[in-house]
Structure formats: C-alpha cells, structure tokens
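K.L.:
One letter stands for each residue in the lines below.
Number of protein chains: 2
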Amino acid sequence: MKPAIVLLSGGLDSTTCLAIARREDYDCHCLSVDYGQRHRAELTAAAQIAAALGAREHRIVKLDLAQFGGSALTDQSIAVPTDGAVSGIPVTYVPARNTILLSLALAWAEVLASRDIFVGVNAVDYSGYPDCRPEYIAAFEAMANLATKAAVEGAKLRLHAPLISLSKAEILRRGIALGIDYAMTVSCYQASDDGHACGVCDACRLRREGFSAAQIIDPTRYR
Amino acid sequence: MKPAIVLLSGGLDSTTCLAIARREDYDCHCLSVDYGQRHRAELTAAAQIAAALGAREHRIVKLDLAQFGGSALTDQSIAVPTDGAVSGIPVTYVPARNTILLSLALAWAEVLASRDIFVGVNAVDYSGYPDCRPEYIAAFEAMANLATKAAVEGAKLRLHAPLISLSKAEILRRGIALGIDYAMTVSCYQASDDGHACGVCDACRLRREGFSAAQIIDPTRYR
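Chains as they are written, first to last, in my numbering: chain A, 1 to 223; chain B, 1 to 223.
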C-alpha cells in the first residue's frame with residue numbers, strides 16, 4: 001500500500017475524500033490542524049472518522065491562526081453569517097488556510113516518502129473560497145514539485161482533489177456508496193462542542209441542500 | 001509607507017533582506033517561526049534585529065515541525081554535518097520549510113492588506129536547498145496569486161527575493177553599506193543559547209567564507 005496524506009477537517013467533503021483514498025488502497029495518514037477555529041467539534045469528529053475509515057494514523061497539528069485574525073472562523077468578534085447567499089467571498093474565508101494546510105501536508109508527505117496528498121476541496125457547491133478552485137490546486141502542485149528534496153530527486157508529487165468538480169449531492173452519493181455514516185461528520189461553522197449544528201450558516205446550508213438534492217435522509221444533529 | 005511582511009530567521013541573509021526592505025521604505029512586519037529548530041538562539045537574535053532595524057513589529061509563530069522530523073535541524077538524533085561540502089541536498093534540509101514559512105507570511109500579508117513579502121533566500125552561496133531557487137520562488141508567487149481573496153480581488157502579491165542571485169560576499173557588502181552590524185546575527189545550525197557559533201557547520205562555513213571573500217572582518221562570536 002502506498003502512503004498518502006489526507007487533509008481531514010472532519011467535515012463532509014474531507015471525509016468523503018478519505019473514503020475515496022482508502023478505496024484506492026492508499027495507506028492514509030490523516031492531518032488535521034487545530035488553528036483556533038471556533039468549530040473545534042470538527043477535530044473530535046476527525047479523530048473518530050480517521051479511526052472508523054481505517055486510516056493508519058491521525059495527527060492534529062497546533063498552529064494558532066487566530067493570532068493573524070481576519071476571519072469569522074478564528075475571530076470571535078466577527079459573526080458567522082446566517083443569512084444565506086452573499087456576493088463575493090464571505091467573512092468565513094480564512095486567509096491562506098488551504099495553502100498553510102497543504103504546506104504542512106507537503107512536509108509530512110516528504111518525511112513519509114509519500115507522493116500523494118488528498119484534499120477535499122470542491123468548486124461547485126462551495127463558499128467561493130479562492131483556494132478551492134482547480135487553477136489554485138494546479139498551481140500548488142506545480143510549486144510543490146519545485147519545493148522539496150523528494151521532488152528534485154525525481155519523486156513527483158500528486159495533489160488529488162477528487163471532489164473538485166462534483167456537486168454536493170454527487171459527493172454525498174459517492175460517500176454513501178462507499179459506506180460513510182455522515183452522522184459522524186461536522187460541517188457547521190459554529191457547531192457546539194458536542195457537534196450539534198446551527199443549521200443556518202453557509203456550511204450548514206450547503207450541506208442541507210446537498211442531502212435534499214441527493215434525496216438522502218440528513219443525519220445531521222441540529223440543535 | 002507600504003506594509004510588507006519580512007521573513008526573519010535572525011541569520012545573515014534575512015537580516016540583509018530586512019535592511020533592504022527598510023531602505024525601500026517598507027513598513028516592515030517581521031515573522032519568525034519557532035519550529036523546533038535546535039538553533040533557538042536565532043529567535044532571540046531576530047527579535048533584537050527587528051528592533052535595531054526599525055521594524056514595525058516582530059512576531060514569533062509557534063509551529064512544531066519536529067513532530068514530522070526528517071531533518072538534522074529538528075531531530076536531535078541526526079547530527080549536523082561539519083565536514084564541509086557534500087554532494088546533494090544535506091540533512092539540514094527541513095522538509096517544505098520555506099513553503100510553510102511563506103504560507104504563514106501570505107496569511108499575515110492578506111490580513112494586513114500587504115502586497116509584499118520579503119524572503120532572504122539565496123541560490124549562489126547556499127546549501128543546495130530546493131526551496132531557495134528562483135524557479136521555486138516564481139512558482140510560489142504564481143500560486144499565491146491564485147490562493148487569496150486579496151489576489152482574486154486584484155491585489156497582486158509580489159514575493160521579493162532581493163538576495164537570490166548575489167554571492168555571500170555581495171550580500172555582506174550590501175548589508176555593510178546599509179549599516180548592518182552582523183555581530184547581531186546568528187547563522188550557526190548549532191549555535192549555543194547565547195548565540196556562539198560552532199564555526200564548522202555548513203552555515204558557519206558559508207558565512208565565514210563570505211566575510212573572507214568580502215574582505216570584511218568577521219564579527220561572529222565563535223565558541
């Protein structure tokens with residue numbers, strides 16, 4: 001089995017991404033980052049999901065992005081929007097988050113001699129974050145292949161984003177077919193510590209609409 | 001004055017880079033990372049240098065890269081080489097270090113509405129690290145300009161690497177002309193806690209040869 005790093009937030013998308021990597025027979029090393037997010041319940045969920053889906057290991061790296069601020073997800077003084085669609089990139093955007101997460105994955109991949117990183121970004125039913133787009137993923141992969149000793153020595157890195165062009169409903173159908181119990185996952189930006197969802201933030205809205213469109217019973221625990 | 005993020009390790013190159021950014025009239029926000037490096041004296045040096053060179057502020061972000069391992073700089077069980085030139089990339093290479101440092105700089109830049117990041121990488125008298133080469137810097141800049149809300153909204157980011165094609169002697173001459181007291185800087189990979197250098201590791205060797213080639217008295221405190 002080839003080793004892979006899987007970025008695992010504990011949400012719906014990254015869980016499906018892990019299931020896909022497992023289905024492709026990768027030995028999965030899951031990485032979560034405790035970056036000061038208000039929805040810390042996702043970290044607990046990630047640990048349970050990694051175990052349930054047969055990952056080799058799960059690590060939580062501590063990195064305080066709240067010290068930079070600039071996001072409703074790390075700054076308690078900025079409210080999480082609950083009014084539905086807005087134009088432009090919402091305040092829940094965390095500056096350079098995926099770049100930081102992928103950089104950490106890149107470091108770990110090199111140490112484990114892994115050539116594969118999985119990330120559950122999605123550019124269809126998503127919040128409009130710039131670092132979820134295909135052109136961004138391609139640019140990161142190109143950069144990564146110039147960045148490391150492994151790449152210079154010929155071990156080309158591949159950045160897998162298997163969900164990037166799927167709708168939320170398609171992601172859910174794929175995950176159900178792979179046997180995922182989505183009750184384990186936490187998407188809500190302001191989930192309570194025991195994982196109950198608000199039901200009204202962007203993440204909840206996209207998730208709810210996905211279950212509805214896929215005609216799958218929504219197992220989310222709303223408060 | 002325009003705000004800039006300056007990656008500041010506390011060594012010779014990043015200090016010169018900061019002096020250049022200050023000379024170009026940037027309001028400098030310096031970033032160091034406490035990543036578990038054995039030469040922690042560089043962090044103390046960085047704080048002194050930031051103050052001496054008139055930076056606006058200096059932040060040390062804590063991120064434990066030692067938990068990934070894979071480098072003599074973070075793993076005490078791997079010795080720092082002291083035998084001079086070797087072929088290939090040495091064991092002091094830290095997997096994906098510059099990518100991680102630049103990602104953090106990118107996050108902070110976005111929050112401060114800065115379009116400029118300075119990094120003191122050098123591809124002439126250097127240790128052969130892949131993430132110090134011009135093609136890597138160009139690829140990171142291209143990725144960064146797809147990664148952020150700021151870039152998507154038109155604020156193009158520029159990654160400045162003013163030392164990249166200079167020899168160590170040229171860097172030193174430039175820095176002396178800018179008034180740097182290099183006694184403040186710590187380059188040694190195994191510097192003592194009070195900043196005394198071993199004189200025999202790659203970083204010391206490159207530094208020593210630079211002073212010699214530039215015909216500048218070496219103010220390094222060797223032990």
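Don't take each hint at face value.
Below, in silico cross-link-like pairs of lysine to any residue (SDA-like), each with a Cα-Cα straight-line distance of 20 Å or less [as the list claims (entries may be wrong)]:
id	chain 1	residue 1	chain 2	residue 2
1	B	Lys62	A	Ala138
2	A	Lys62	B	Lys156
3	B	Lys156	A	Ala138
4	A	Lys62	B	Arg174
Just the calculated beta-carbon pair ranges, DEER-fashion [as the list claims (entries may be wrong)]:
id	chain 1	residue 1	chain 2	residue 2	range
5	B	Lys2	A	Ala177	51 to 61 Å
6	A	Ile89	B	Gly88	55 to 65 Å
7	A	Gln215	B	Asp34	43 to 53 Å
8	A	Val124	B	Glu209	52 to 62 Å
9	A	Arg223	B	Ile89	47 to 57 Å
10	B	Met1	A	Asp194	45 to 55 Å
11	B	Pro3	A	Val124	31 to 41 Å
Quick caveat, the hints were computed from the structure, so don't treat them as lab data. Here a beta-carbon is modelled for each residue, glycine too, at the ideal position from N, C-alpha and C.
K.L.:
Given a hint of 31 to 41 Å, does the C-beta separation of B/Pro3 and A/Val124 actually sit inside it?
P.N.:
36 Å Cβ-Cβ, so the 31 to 41 Å window holds.
K.L.:
Do the alpha carbons of B/Lys62 and A/Ala138 lie within 20 Å of each other, as the hint requires?
P.N.:
29 Å, violated
K.L.:
Take a look at whether the Cβ-Cβ distance between A/Ile89 and B/Gly88 falls inside 55 to 65 Å.
P.N.:
43 Å, violated
K.L.:
Would you say the C-beta atoms of B/Met1 and A/Asp194 sit inside 45 to 55 Å of each other?
P.N.:
48 Å, holds
K.L.:
Given the hinted pair B/Lys156 and A/Ala138, is their Cα-Cα distance within 20 Å?
P.N.:
Distance ~19 Å between B/Lys156 and A/Ala138 Cα, so the pair holds.
K.L.:
Has the given pair, A/Lys62 with B/Lys156, been kept, meaning a C-alpha gap of at most 20 Å?
P.N.:
30 Å, violated
K.L.:
Using the C-beta atoms of A/Arg223 and B/Ile89, is the stated range 47 to 57 Å upheld?
P.N.:
Hint holds: Cβ distance 52 Å, inside 47 to 57 Å.
K.L.:
Range hint 51 to 61 Å: satisfied by the CB atoms of B/Lys2 and A/Ala177?
P.N.:
Holds: the Cβ-Cβ distance is about 52 Å, inside 51 to 61 Å.
K.L.:
If you check the beta carbons of A/Val124 and B/Glu209, does the distance land in 52 to 62 Å?
P.N.:
Hint holds: Cβ distance 55 Å, inside 52 to 62 Å.
K.L.:
Holds or violated: the 43 to 53 Å window for the beta-carbon distance between A/Gln215 and B/Asp34?
P.N.:
Given about 50 Å between the Cβ atoms, the range holds.
K.L.:
Verify the proposed pairing of A/Lys62 with B/Arg174, using a straight-line Cα cut of 20 Å.
P.N.:
38 Å, violated
Consistency with the previously given hints fails for numbers 1, 2, 4, 6, ordered from lowest to highest.
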